[in-house]
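Participant: Read off the chains here:
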Amino acid sequence: MTAADILALTAEALRLHRLRTILTLVATSVGVIAVLLLTSLGQGARDYVVREFTGMGANIVVIVPGKIETQGGVPPMGGGTRDLTIADAEAIERQCPSVLRAAPVAIGSAVTEYGGRSRTVPVLGTTPAFYTIRNLAISTGRFLPSGDPRRGEAVVVIGRTVQRELFRGDNPLGKAVRVGERRFRVIGVLAPKGSSLAMNMDDVVIIPAASALNLFNQTSLFRILAQARSEVEIEKAERQILDLLADRHDDEDITTVTQGAVLTTFRSILNTLTMSLAGIAAVSLAVAGIGIMNVMLVSVSERTSEVGLLKALGARRRQILAVFLIEALLLAVTGALLGVGIGVAAIYAAAAAFPNFPMRPDAVWIGVVLAMALVAGSIFGLLPARRAASVAAADALRGRIG
Amino acid sequence: MRDVSREFRVGDATVRALDHVTLVIERGDFVALMGPSGSGKSTLLNVIGLLDSPTGGTYELDGEEVARLDDNRLADIRQQKIGFIFQSFHLVPRMTAARNVELPMIFAGVPPKQRRERVRESLGSVGLLHRATHRPDQLSGGERQRVAIARAMVMQPGILLADEPTGNLDSVSGREIVNLLLAMNAKGLTVVLVTHDPGIASSARRVIRMRDGRLFADGGPETAGAGPETAASPGGGSTAAPHAERDGPP
Numbered sequence: 496m497t498a499a500d501i502l503a504l505t506a507e508a509l510r511l512h513r514l515r516t517i518l519t520l521v522a523t524s525v526g527v528i529a530v531l532l533l534t535s536l537g538q539g540a541r542d543y544v545v546r547e548f549t550g551m552g553a554n555i556v557v558i559v560p561g562k563i564e565t566q567g568g569v570p571p572m573g574g575g576t577r578d579l580t581i582a583d584a585e586a587i588e589r590q591c592p593s594v595l596r597a598a599p600v601a602i603g604s605a606v607t608e609y610g611g612r613s614r615t616v617p618v619l620g621t622t623p624a625f626y627t628i629r630n631l632a633i634s635t636g637r638f639l640p641s642g643d644p645r646r647g648e649a650v651v652v653i654g655r656t657v658q659r660e661l662f663r664g665d666n667p668l669g670k671a672v673r674v675g676e677r678r679f680r681v682i683g684v685l686a687p688k689g690s691s692l693a694m695n696m697d698d699v700v701i702i703p704a705a706s707a708l709n710l711f712n713q714t715s716l717f718r719i720l721a722q723a724r725s726e727v728e729i730e731k732a733e734r735q736i737l738d739l740l741a742d743r744h745d746d747e748d749i750t751t752v753t754q755g756a757v758l759t760t761f762r763s764i765l766n767t768l769t770m771s772l773a774g775i776a777a778v779s780l781a782v783a784g785i786g787i788m789n790v791m792l793v794s795v796s797e798r799t800s801e802v803g804l805l806k807a808l809g810a811r812r813r814q815i816l817a818v819f820l821i822e823a824l825l826l827a828v829t830g831a832l833l834g835v836g837i838g839v840a841a842i843y844a845a846a847a848a849f850p851n852f853p854m855r856p857d858a859v860w861i862g863v864v865l866a867m868a869l870v871a872g873s874i875f876g877l878l879p880a881r882r883a884a885s886v887a888a889a890d891a892l893r894g895r896i897g
Numbered sequence: 012m013r014d015v016s017r018e019f020r021v022g023d024a025t026v027r028a029l030d031h032v033t034l035v036i037e038r039g040d041f042v043a044l045m046g047p048s049g050s051g052k053s054t055l056l057n058v059i060g061l062l063d064s065p066t067g068g069t070y071e072l073d074g075e076e077v078a079r080l081d082d083n084r085l086a087d088i089r090q091q092k093i094g095f096i097f098q099s100f101h102l103v104p105r106m107t108a109a110r111n112v113e114l115p116m117i118f119a120g121v122p123p124k125q126r127r128e129r130v131r132e133s134l135g136s137v138g139l140l141h142r143a144t145h146r147p148d149q150l151s152g153g154e155r156q157r158v159a160i161a162r163a164m165v166m167q168p169g170i171l172l173a174d175e176p177t178g179n180l181d182s183v184s185g186r187e188i189v190n191l192l193l194a195m196n197a198k199g200l201t202v203v204l205v206t207h208d209p210g211i212a213s214s215a216r217r218v219i220r221m222r223d224g225r226l227f228a229d230g231g232p233e234t235a236g237a238g239p240e241t242a243a244s245p246g247g248g249s250t251a252a253p254h255a256e257r258d259g260p261p
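For the protein sequence lines, the chains are Y and B, in the order given.
When you read off a place in the first sequence, starting at 1, and then add 495, the result is the number in my numbering.
When you read off a place in the second sequence, starting at 1, and then add 11, the result is the number in my numbering.
Rather than coming from a laboratory, the hints here were simulated on the basis of the structure.
Fair warning: this is a prediction, and the values are worked out from it, not measured in the lab.
Ideal placement from N, C-alpha and C gives every residue a C-beta, glycine not left out.
Hints should not be assumed to be uniformly reliable.
One-sided excerpt, in silico: chain Y residues whose CB lies under 7 Å from chain B [to be verified]:
1. A506
2. E507
3. L511
4. V545
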């Protein structure tokens, strides 16, 4: 019996049992599609969060005023917290060797007005360093000018949404807008970036740090963003910043938060999420497998009489099993490939429909799913044939099992 | 083929489809197995054809003890020495007549070129060459059974086993089938057929009647229609068996 013979017999069998063939293909491909969609959803979610974090900028140490105590005890007497100042940010950038740059951030909310239209938006006060640290981009004009950060110039960079809402079609460059009670000249428009960490960088206006402190009548910065020279230097930078500010403030009255710590937590949560989605996917594959098994078992009696006939014609057990195994594998592979095709297409379609959510088919999962389909297909396809082949040929001919 | 001698005993604790049957069938014989439903005649045929293995006793085919052979060897013997035809034909519906006839040769590993040749010969010998490309559902019952015979004979076995080959046919086609079997028998083929039809049994050289798993009568064709048990009636029970070849219970 040659391979061509087996294939011919298999093709004939599949053509004869058309309904069973179709049902098996559907069951297999639905299972495969489910696995691919669910796993890529899970990975999409993880990638999304990771991207949000890295979108915040790389190797960042956030300095927050006030000591966040994780131990109990009596609060320090008479200490009080010193303000976090623009001078602190400058000192960090200059004196901490592991820090590449530092940006002071003041924040408030103000009504922004132009040409009779107004919009209440978050106002960020900072320096040009912020632009680099947060990976911002400018669509027209330029970002805040460098220069003495303590000199509060009356210039503003606006987000894409602000531009659209206040200026409609007009060119905003050089125009004066009112932010709170003061007038600022628009020098640039941010390129669209979308939300990152609950801060929508499209719906924001950015002014020099000193101007913001003035505008909101604040003495302390909201925080300082410091960027370490490299990932390995983050911890060193953190230490240097803590030491420097303890020195400047005569007390350790600030708290530092590194991106890495947060990211690690999130990654582990998201890995759990991916794993549970994979679990759900495995269940759906199992359900698909049971579907295949049902279809196969329903056909046991007709298969059995087929096996009986082949036996009567002098076919060896192994030849019979070969025919059935090839048939099952052919079904499983076709079903799985069909599923992969549809699944991948669906993932790309979803990715196109929701560009913010990074879904993509994963080669590893495609491999896993193909392997599982092969295993399930051969087990469930071979089972009835094995059972039929082990029955005495005379009983098998009559379609009796056991 | 040398003289075929067979002897087997089947003892089953629960249902004794065959109850210590001793039987010798000569090469070239034409044997009809008759008996009411459940008398064990089909089981006997299946055991003869190695489709069923006896639970006890010995069975020699061509001088070879076959009752305890492994699966593969049995498959080979079936392939080389035995042809089957069935009441319901058991043709594969998706395949053409030619393809059905080719089937045993596929498993026997006959090269494709030879196969085509032998399919033509075999179909020709049953007079169905012109129907070679038809599928079973395009053939009449008689034609289907002739295709089945062509398939059974394509490996040129010495024995043809037929389980009620005319049971699903009208009397004319049935007669044709029997004549075909007789013609093949005349060329030396050993034929064993199970039948309910006394008319067909009367064509046989030897008629064996069974009841309750035992041989009940064994004789020439003249016994086919005679005797207290006709094929259609259930086993009478109390009637004594005249000159039956039988063993007593152990």
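Participant: Does the closest beta carbon of chain B sit nearer than 7 Å to the beta carbon of Y/V545?
Facilitator: Violated, because the Cβ-Cβ distance from Y/V545 to chain B comes to roughly 55 Å (cut-off 7 Å).
Participant: Given a cut of 7 Å on the nearest C-beta pair, is the interface hint for Y/L511 held or broken against chain B?
Facilitator: 4 Å, holds
Participant: Verify the interface restraint on Y/A506: the C-beta must sit less than 7 Å from at least one C-beta of chain B.
Facilitator: This interface hint is violated because 10 Å lies over the 7 Å limit.
Participant: Would you settle whether the hint for Y/E507 is holds or violated, based on the nearest Cβ-Cβ distance to chain B being less than 7 Å?
Facilitator: 5 Å, holds
In summary, the numbered hints that this structure violates are 1, 4.
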